[in-house]
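Produce the complete structure using the sequences and hints provided.
2 protein chains.
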Amino acid sequence: MSKEITSRETDYSQWYNDLVLKGGLADYSAVRGCMVIKPYGFALWENMRDQLDRMFKETGHVNAYFPLFVPRSFLEKEEGHAEGFAKECAVVTHYRLKANPDKKGELMVDPESKLEEELIVRPTSETVIWNTYRDWIQSYRDLPLLINQWANVVRWEMRTRLFLRTTEFLWQEGHTAHATAEEAVVETRKMLDVYEDFVENWMALPVIKGVKTANERFAGAVDTYCIEALMQDGKALQAGTSHFLGQNFSKAFDVKYLSRENKQEYVWATSWGTSTRLIGALVMAHSDDEGLVLPPKIAPLQVVIVPIFKGEEQKALIDQKAAEIISELKALHISVKYDDSDNNRPGWKFAAYELKGVPVRMALGARDLQSNLIEVARRDTKEKLSVSIDGIAGYVKQLLDEIQENLVNRARAYRDAHITPVDNWEEFKQVLNEKGGFISAHWDGTSETEDKIKEETKATIRCIPLDNPQEEGLCIFSGKPSRERVLFAVAY
Amino acid sequence: MSKEITSRETDYSQWYNDLVLKGGLADYSAVRGCMVIKPYGFALWENMRDQLDRMFKETGHVNAYFPLFVPRSFLEKEEGHAEGFAKECAVVTHYRLKANPDKKGELMVDPESKLEEELIVRPTSETVIWNTYRDWIQSYRDLPLLINQWANVVRWEMRTRLFLRTTEFLWQEGHTAHATAEEAVVETRKMLDVYEDFVENWMALPVIKGVKTANERFAGAVDTYCIEALMQDGKALQAGTSHFLGQNFSKAFDVKYLSRENKQEYVWATSWGTSTRLIGALVMAHSDDEGLVLPPKIAPLQVVIVPIFKGEEQKALIDQKAAEIISELKALHISVKYDDSDNNRPGWKFAAYELKGVPVRMALGARDLQSNLIEVARRDTKEKLSVSIDGIAGYVKQLLDEIQENLVNRARAYRDAHITPVDNWEEFKQVLNEKGGFISAHWDGTSETEDKIKEETKATIRCIPLDNPQEEGLCIFSGKPSRERVLFAVAY
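Just so you know, the protein sequences line up as chains A and B, in that order. Numbering of the first sequence is given in our numbering, commencing with residue 1 and proceeding in unit increments. Numbering of the second sequence is given in our numbering, commencing with residue 1 and proceeding in unit increments.
Be a bit skeptical, because a hint or two may be false.
Said to hold, decoys possible - Here are the simulated lysine-lysine pairs, DSS-like style, with alpha carbons at most 25 angstroms apart:
hint, chain 1, residue 1, chain 2, residue 2
1, B, LYS384, B, LYS321
2, B, LYS22, B, LYS235
3, A, LYS22, B, LYS57
4, B, LYS57, A, LYS297
5, B, LYS104, A, LYS251
Said to hold, decoys possible - Here chain A is said to cover these stretches of chain B; the calculated rule only asks that three of the stretch's residues, wherever they fall, bring their Cβ under 8 angstroms from a Cβ of chain A:
hint, stretch
6, 32-38
7, 61-69
8, 82-95
9, 114-126
10, 139-153
Unchecked claim - Looking from chain B toward chain A, a few residues come up when the C-beta cut is under 8 angstroms (computed):
hint, residue
11, SER29
12, ALA43
13, LEU75
14, GLU76
15, LYS98
16, GLY105
17, LEU107
18, VAL109
19, TRP156
20, LEU170
21, ASN343
Simulated from the structure, these hints should not be mistaken for laboratory data. Every value quoted in this text rests on a predicted model; they were computed, and no experiment measured them. Backbone N, C-alpha and C fix where the C-beta goes; we use that ideal spot for every residue, glycine too.
Structure (structure tokens):
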């Protein structure tokens, strides 16, 4: 089983694809740039989505649903936004097909069904939502409006990769409206904290919080905050963004409210999103050459039990004991599968569940029953132990917590070891090539310099970390004065 | 508040729109035929979706996600299917906009971004999914494949109505693959039973299960089973369908499996779906001229408590007692809101929560505290009672069950009183015009007759009920011999 997986050393990119495809997370589709999220991958997404959804609701947000289509004229209303999205969008121009008179059995666009105004399949929903908010907001009493949407979006990417960059992807987009700039900024930062909490404490992936430079800002935002994670190949991955939109969209869509002071004011906005891209980050953060390694708190399946037996008599005894163990595990809300399928041998099953990243595997044999022991293997370290069956559920519960903790610690140690302060351009290029990771360096604050560094090295400024220490220095590239270091990396 | 609602008698259709809009369920959007599902409506949908999802999982199904776009050539592969959907679909023809050189600030379709093959925004996913199943199914060991998808779909309807018929809607679509026709039929019927169970026991809406005539069959199906509900205006509403697709799609997409007997066989298919249309059915089934009436089991909010007080001192005492009651209700998993907002008077609040269909409203005043009583009003019958605060949570729990039961009984009594056996054409037209509801009548089994009846009366055959008694008779319209009665109605 595991030998089908390309090793990281051989070809990191192929290793990733192997994990996604053979681990049962997703599949290519016949539709250009779109993927199929397979049941195992979707179960993982459901766990992630449900937890994020709980966190959004706990912070006072409600869900709603807005139309898939954005009229062309809406996109035009916010100039920066239009520039950012017009070049990569699916455009609906007609609403009917008809039989092709020249080719029997084929269909063609019915030219008589041409739309007066084209519809864009939403790449994001600011425009549609702010056009709606105009009707929903009249007075300060209608604020804040704290709404989230779970939806599919489409961005016409030229080069796609499963989960990391696909034409269609699933995401959530929060869109909030506030009476003051201060309140909107607080919301922007609060949701960044929610993302950090989720990604670190559920996905076991430590992140760096920061703010984007103008080059990397969301089209239409005043400020884009982000969480940046580090992958095992030393590349960074943006795991979530939270935007302070200022009054850009309220002005574009004329959304005003009557203040307590009885004045008409434009509304302040935020938006924030995470997507199925997080699954790509999860895969690359923890997995190894045997397959996926999933954090117990979001794994679709936490424990698998494989019986090892000869003959029906042994099997019956093992079945009975397994049923007891399973019921104890379930009582502790641990998800567990008993795989007594007869079409594969235990060794094959072990490899299969390793590939799928199931955190804990247990093997139960006839001899174990006599000694009242069960073999427990943890996926993260591959350690195996014989454990007493008495109190096994409590043991497994603690083990799952330990695995979760080990994963985040391991990822944090890796991340921390890959933030390299660098003070000259030669070293910058050398670290980037030989070690990778984040490079902490001075920058002169201009887009020109950032562009040139990107051109020469592919590295971009991932973020200016929040609470960044202020320190005098010289830009790594231009030599001009700088007040603080920023984090560079090559990114997904 | 309630006087804003048009009464059913005045204008049933406007009454429905008033409830949806003013009850906070949905809003029109600027995008043709698309609606915005507002937070209260979406919370209702979440409750319905989550329960259906549990029922799908309990019957062995898993979720997955397939692409939004259907290549034109996929649609062409199953002829009946293509005919059914080609005339009402959103067609993506280009993937880029560019600045319009003639109109400053405007965008236009970039003609250089024309797609070689058009993409249809999915009206349903049989084609995309069966094209994928070809790669997933090799042997009988891969079967059955029991997959569901929650998704948005688009059908370009010319006349739309909130929830009932919108260009975009949310739904679930199950797509299963089986080794034998028998097994696929069992699945088709099983999911029909799941729908019946959900609609009757959660939405409190009794349905009639049946099979569609050829005229009303899903495009591409061998048999379409359905559940049909009756609305208060005597019109029927199809609340869910489950299709036996035979081998139509496996043949169109060449999906074969190696049988136990080592032979290559085409796979057998089902598909089944319910949508946000169910919300329309829910609104029309139970509501009254004061507003929505929601069944407790799916209501976003089950109980509201309104304090009635003069001065801060009274309020403090009431707040304290309310907090106790709320904590008792929450311990019984009852959702509750305490509305002590100061911008509206109690009477206004009462009307507002009536409009929103909250099943139980409680009013807590200073005098009530002294007598240890609380006023409890049920939304369905509008009865009010003074109830002892001791044990109030248990009382409310039972009351919610009673309301749920009352709603389904009321709807069933109405439905049963509106199934009218009719034996001649004059009576048919008379009952249809004067009473409405289902008409049980003989039919000669031909599409021609069905078409003519529809033309004259707008009534269609809603279904041939399952387990229909066999009985000799004459077709109501043509006078030709018939073996069983079928159910006619004018439908949404």
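Comparing the hints with the structure gives:
Taking the CA atoms of LYS384 of chain B and LYS321 of chain B, the gap is near 20 angstroms; set against the 25 angstroms cutoff, the hint holds. Annotation: proposed proximity of LYS22 of chain B to LYS235 of chain B holds, straight-line Cα distance about 23 angstroms (limit 25 angstroms). With a C-alpha separation of about 24 angstroms, the suggested pair LYS22 of chain A and LYS57 of chain B falls inside the 25 angstroms cut-off, and the hint holds. For the hint linking LYS57 of chain B to LYS297 of chain A, the alpha-carbon distance of about 20 angstroms falls within 25 angstroms, and the restraint holds.
Taken as a hint, the LYS104 of chain B and LYS251 of chain A pair is honoured in the structure, with Cα atoms around 19 angstroms apart against an allowance of 25 angstroms. Check result for the stretch 32-38 of chain B against chain A: holds, 5 residues qualifying (beta carbon to beta carbon below 8 angstroms, three or more required). For the stretch 61-69 of chain B, the stated coverage by chain A is satisfied: 8 residues place a CB nearer than 8 angstroms to a CB of that chain, which reaches the threshold of 3. Check result for the stretch 82-95 of chain B against chain A: holds, 11 residues qualifying (beta carbon to beta carbon below 8 angstroms, three or more required).
Coverage of the stretch 114-126 of chain B by chain A holds in this model, with 4 residues showing a Cβ closer than 8 angstroms to a Cβ of that chain against a need of three. Under the rule that three or more residues need a Cβ within less than 8 angstroms of chain A, the assignment of the stretch 139-153 of chain B holds, with 4 such residues. With a cut of 8 angstroms, the hint placing SER29 of chain B at the interface with chain A holds, because the nearest CB-to-CB distance is about 5 angstroms. Below 8 angstroms, beta-carbon pairs count as interface contacts, and ALA43 of chain B has one with chain A at about 7 angstroms; its hint therefore holds.
Contact between LEU75 of chain B and chain A, as hinted, is supported at the beta carbon level, the nearest pair being about 6 angstroms apart and thus within 8 angstroms. Given the 8 angstroms rule on beta carbons, the hint for GLU76 of chain B holds: about 5 angstroms separates it from the nearest Cβ of chain A. Using the Cβ-Cβ criterion of 8 angstroms, the hint placing LYS98 of chain B at the interface with chain A is satisfied: the shortest such distance is roughly 7 angstroms. Because the smallest distance between the Cβ of GLY105 of chain B and any Cβ of chain A comes to about 6 angstroms, under 8 angstroms, the interface hint for this residue holds.
For the restraint placing LEU107 of chain B at the interface with chain A, the shortest Cβ-Cβ distance is roughly 5 angstroms, inside the 8 angstroms limit, so the hint holds. The criterion of a C-beta within 8 angstroms of any C-beta in chain A is met by VAL109 of chain B, whose closest approach is roughly 6 angstroms, and the hint holds. The beta carbon of TRP156 of chain B comes within 4 angstroms of a beta carbon in chain A, closer than 8 angstroms, and the hint placing it at the interface holds. Checking LEU170 of chain B against chain A by beta carbon gives a least distance of about 7 angstroms; that is within 8 angstroms, so the hint holds.
Evaluation of the ASN343 of chain B hint against chain A yields a held restraint, the C-beta minimum of about 7 angstroms falling below 8 angstroms.
In terms of the numbered hints stated before, the structure departs from none.
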